[in-house]
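So the protein sequences, as listed, match chains A and B.
Going by my numbering, the first residue of the first sequence is number 11, and it counts up by one from there.
Going by my numbering, the first residue of the second sequence is number 11, and it counts up by one from there.
The reader is advised that the hints may include incorrect statements.
Put simply, identical chains are the same to the list, so a pair is met inside one copy or across any two.
Stated by the list, open to error - Below, in silico cross-link-like pairs of lysine-lysine (DSS-like), each with a Cα-Cα straight-line distance of 27 Å or less:
#, residue 1, residue 2
1, Lys169, Lys37
2, Lys12, Lys174
3, Lys187, Lys158
4, Lys169, Lys230
5, Lys209, Lys102
6, Lys209, Lys12
7, Lys204, Lys68
8, Lys165, Lys191
9, Lys68, Lys209
10, Lys158, Lys184
11, Lys158, Lys191
12, Lys102, Lys230
13, Lys161, Lys206
14, Lys102, Lys204
15, Lys102, Lys13
16, Lys37, Lys161
17, Lys174, Lys230
18, Lys206, Lys174
19, Lys68, Lys206
20, Lys206, Lys102
FYI, nobody ran anything at the bench for these hints, they're computed from the structure.
There are 2 protein chains.
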Amino acid sequence: MKKPLILVTNDDGITAPGLRALISYMKEIGDVVVVAPDSPQSGKGHAITIDNTLFSTKLNVNKKKDASLEYSCSGTPADCVKLALQELLDRKPDICVSGINHGSNSSINVIYSGTMSAAIEAGIEGIPAIGFSLCDYSWEANFDPAEKAIKTIVKKALKNGIPKGVVLNVNIPKASKEELKGIKVCRQARANWKEKFDKRTSPAGRDYYWLTGEFELLDKGEDTDEWALANNYISVVPTQFDLTAHHAIQGLNEWGFN
Amino acid sequence: MKKPLILVTNDDGITAPGLRALISYMKEIGDVVVVAPDSPQSGKGHAITIDNTLFSTKLNVNKKKDASLEYSCSGTPADCVKLALQELLDRKPDICVSGINHGSNSSINVIYSGTMSAAIEAGIEGIPAIGFSLCDYSWEANFDPAEKAIKTIVKKALKNGIPKGVVLNVNIPKASKEELKGIKVCRQARANWKEKFDKRTSPAGRDYYWLTGEFELLDKGEDTDEWALANNYISVVPTQFDLTAHHAIQGLNEWGFN
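Bound-form chain A, shown alone (with noise of 0.2 Å):
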């Protein structure tokens, strides 16, 4: 049998820790080859690169340990998956893994998030896609607790295929082997971030500021990403982008527009 082709990418850029184990773990299952960032892409959401050049580097970051076709792409995530899809591959890819993020994915963070954005525009062209975050964002995060449940959902989505319009966010809690207690299926949680802004003044005396806050959560429901995480569970959220609010329609159709 063929093995299946691999597109791996990340939004942490090409030399993260993070896309090295994701990396290592795919070779296991099918032939991997890599299109990331080559340089960090957090928080950069679904944006694309179209008021600049896209610049692309054939290299290999690490050579004995995965030796895999691998291209650096000056762009965003969802750049990569589009550099990837039309000018790199050979072929369309069997499946598309994101990640692992060093950091969490979930809930509202799936909006922000570079590493879903990436598998999201695979999933627009098509192609199963899986994002996969760590709840730590440490650079020395340890990734090999779960190993076993990423290849596990990579090759169950691999045989049963991924529902069309859906791309799976798979958020992982910083959790020991032991601790993990195994993989849910979850919605996501509601929740928002409470902005602080760190308001300095530069040398020069200008003001300018710095975005921080505090993550809350809105929702007590123990169907969600957040519950499965804080009780050691990976969580599973099928994702869509058809953003259609599809149960307020009728609604806003007694508005009465015209």
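Since the structure of chain A is provided, determine the placement of chain B on it from the hints.
Chain B in isolation, oriented as in the chain A frame:
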């Protein structure tokens, strides 16, 4: 009665004609505060600035015509809304309007849209929000045929409220006042972009790409925004930021993860 406070933003930048048109329409409805990017931010999706500083300048681009409070911001559209709500406004706005974008944000374009991300950001913060886009990329586009409809939609939203978790994505066809047929509540059409990368070589001999593409409509429904626009209707799509594909949860539970 106290006039409503209207936060106006966009993604084409604070000097864009579409923004100036929206400001002038909104000044007839309420008190206007503008917080808009200091440079074009098209295609920035829901990017936020977490690895750079944000500058904001109080200014008045067009003092005579729009004597409203205005701020430029060095960040993305989503940054503008966050900064407005947390730092620049002294009370919560009654509504946030974003646009008028120079170009369509219908169908899958909503995913890449800075205009809509600003509206969605306000929606996440619990503020009724609407993104407006005209299907005309020209800087000399004529926004006036839609003036009446834009005011109607904003007034109705102020009166009725917008359902929690929903923001409105309004797209306006390029049409004369006589050609415009009215307003239609729609769902997001299924579509994608068929990318074409324009590959060139720099003077220094390095290959680079420009992202270009063609819009590919994959949906024959007559209840979609694309159908409405093609038939000279203004489309209103209720848009949500709970991305959960609820219909896919049951099927995924049958994968037997654990």
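Hints and how they fare:
no. : hint            : result
1   : Lys169 / Lys37  : within (17 Å within a copy, 57 Å between copies)
2   : Lys12 / Lys174  : within (23 Å within a copy, 48 Å between copies)
3   : Lys187 / Lys158 : within (10 Å within a copy, 61 Å between copies)
4   : Lys169 / Lys230 : neither (34 Å within a copy, 30 Å between copies)
5   : Lys209 / Lys102 : between (47 Å within a copy, 20 Å between copies)
6   : Lys209 / Lys12  : neither (56 Å within a copy, 32 Å between copies)
7   : Lys204 / Lys68  : between (41 Å within a copy, 24 Å between copies)
8   : Lys165 / Lys191 : within (19 Å within a copy, 51 Å between copies)
9   : Lys68 / Lys209  : between (41 Å within a copy, 15 Å between copies)
10  : Lys158 / Lys184 : within (15 Å within a copy, 53 Å between copies)
11  : Lys158 / Lys191 : within (12 Å within a copy, 57 Å between copies)
12  : Lys102 / Lys230 : between (41 Å within a copy, 26 Å between copies)
13  : Lys161 / Lys206 : neither (38 Å within a copy, 33 Å between copies)
14  : Lys102 / Lys204 : between (41 Å within a copy, 14 Å between copies)
15  : Lys102 / Lys13  : within (13 Å within a copy, 55 Å between copies)
16  : Lys37 / Lys161  : within (10 Å within a copy, 56 Å between copies)
17  : Lys174 / Lys230 : between (30 Å within a copy, 17 Å between copies)
18  : Lys206 / Lys174 : between (39 Å within a copy, 24 Å between copies)
19  : Lys68 / Lys206  : between (40 Å within a copy, 20 Å between copies)
20  : Lys206 / Lys102 : between (43 Å within a copy, 16 Å between copies)
Figure legend: structure checked against the earlier numbered hints; hints not met, in rising order: 4, 6 and 13.
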